[in-house]
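2 protein chains.
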Amino acid sequence: MKILKNINETVKFLRTEKMSGKSIGIVPTMGYLHEGHLSLIQTAKKNNDIVIVSVFVNPTQFGPGEDLDKYPRDLEQDCIKAESAGADILFCPSASEIYPDGYHTYVSVEKLGDNLCGNSRPGHFRGVATIVAKLFNISGADNAYFGQKDAQQFFILRRMAADLNMDIRLHICPIIREPDGLAMSSRNVYLTRDQRREAVILSEALAGAKALIEAGERNAAVVISEMNKIVNKSELAKVEYIKVVDTETLSDAEYIDKNLIALAVCFGSTRLIDNIIIEV
Amino acid sequence: MKILKNINETVKFLRTEKMSGKSIGIVPTMGYLHEGHLSLIQTAKKNNDIVIVSVFVNPTQFGPGEDLDKYPRDLEQDCIKAESAGADILFCPSASEIYPDGYHTYVSVEKLGDNLCGNSRPGHFRGVATIVAKLFNISGADNAYFGQKDAQQFFILRRMAADLNMDIRLHICPIIREPDGLAMSSRNVYLTRDQRREAVILSEALAGAKALIEAGERNAAVVISEMNKIVNKSELAKVEYIKVVDTETLSDAEYIDKNLIALAVCFGSTRLIDNIIIEV
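Those sequence lines, one after another, are chains A and B. For the first sequence, the residue numbers in the numbering used here are 107 to 386. For the second sequence, the residue numbers in the numbering used here are 107 to 386.
In isolation and in its complexed conformation, chain A is listed as follows:
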């Protein structure tokens, strides 16, 4: 596996591969790789000749007071894990390589970033769209792989790629979970032992929602109320949002049909998210 920090070098290498007819898959990450990331890399490797994994803690998607500085980093372990999962290139640029002096360009996807995580993280999805647009252009990838855990991010990036006529296909891959159901996340490392034990209520709330819907419930408010009840069993959990939204517009849905059911729950200063996509 090649480890590259320089944009021009990465572009040059990948253009040569592409011109020789090889397909390229990209897995954009912020590093501190876990099984969720590795499953993306494995899927990418199954479907592309060359896989590039980017590891970049992107400052423009963090708001003031968010966890940019303390976001967990371990490049050495990331290299070992990415290579073992099949990555051909690990691209780990510095912030000044990505955003040099005089940098001024941003990509915004309107509306889709307003609801869900956008409510508490203004500017977050503008930062995400911008860095991913750059990574798509640097890599010239044919395929990009994203985890469903960040489902809103995926729907926004899919909109961006379609709207800007980017020549790349985006793939959403299943959430990888701990044995008790907690969705894997680099941020799980922040949880205390007590918080970690109770963090299972996110996936339990989603399981409760799914059971209700399978039993015939079609009223989103009833589903949300049931989920609130489940999360509130944990004394450490503080609900940020529990929502049922349309998968195209990401606006609140009244009735269940084809929806993203998502929640964000804080344990102390650690914010966890989880979701399911359902179609009845």
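In short, the hints are calculated from the structure, not lab data. All figures in this text were calculated on a predicted structure; none of them were measured in a lab. Be aware that a few hints might be false.
No copy labels: a pair is met if it fits in one copy or bridges any two.
As the list claims (entries may be wrong) - With a straight-line cut-off of 25 Å between C-alpha atoms, the simulated DMTMM-like cross-links for lysine to aspartate or glutamate are:
#1 K128 / D273
#2 K152 / E320
#3 K151 / E123
#4 K364 / D207
#5 K152 / E123
#6 K108 / E123
#7 K124 / D300
#8 K217 / D207
#9 K124 / E323
#10 K217 / E203
#11 K152 / D358
#12 K128 / D248
Based on the hints, put chain B in the right spot on chain A.
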């Protein structure tokens, strides 16, 4: 010359050409082609195997009350002229092909769009950056050609392409002028006979600035004052701005070194722009 209105068809055709090793040049226009556009097409043809000329009056770069509806259009003449100048493809999509229902993505270049034309046309350069990003992606072009008349647009797009790591080179080409010096523009057709006669004062003001600087003047305020004096000889002209700016930041310059000297002047409701780039 192929005339294409459909994005997928255009992408498919150009990707095949590109994969066979051909270079692609794009000349983005709003149509109503004049000698200025044709010189861009000729330059593109000299330096690329395939030249695509886009003709699209882009609604997102017009503000409320601007001339979107009355902007001059003549697709039949555009086809004849583009083909004679060497275009291989004329791409003339509908507005709904470019901005379908549910379209939400915009590209913004901060700061560079604030001064000069940005002052009186808020949102204009966001619309320009967005459509040009789309056209770059649709065409997969290696080279893009722009007229110096829209110098601010060029500097903004160059910034966008660099910032977003777009794999394309942007070229700025000389302003083509009428025999009396008036910069060619599709909007010149709006001028009455009297306005047309006096419109020459834009290029005269720039010539005056150039003469002053060649004589040793280095104070931007003195240059601007001289230009104002020249423009104000016309009773029909109303100055919108006369500026000396830095070519990288596009912010006002105090002293002459490497600058864009630009002005916007209205004749009735017709707004004309012109500029020179100087280096002392």
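Verification of the supplied hints:
no., hint, result
1, K128 / D273, "both (15 Å within a copy, 18 Å between copies)"
2, K152 / E320, "neither (33 Å within a copy, 65 Å between copies)"
3, K151 / E123, "within (15 Å within a copy, 28 Å between copies)"
4, K364 / D207, "between (44 Å within a copy, 19 Å between copies)"
5, K152 / E123, "within (17 Å within a copy, 28 Å between copies)"
6, K108 / E123, "within (14 Å within a copy, 31 Å between copies)"
7, K124 / D300, "neither (49 Å within a copy, 58 Å between copies)"
8, K217 / D207, "between (30 Å within a copy, 13 Å between copies)"
9, K124 / E323, "neither (49 Å within a copy, 53 Å between copies)"
10, K217 / E203, "between (30 Å within a copy, 20 Å between copies)"
11, K152 / D358, "neither (36 Å within a copy, 54 Å between copies)"
12, K128 / D248, "both (10 Å within a copy, 20 Å between copies)"
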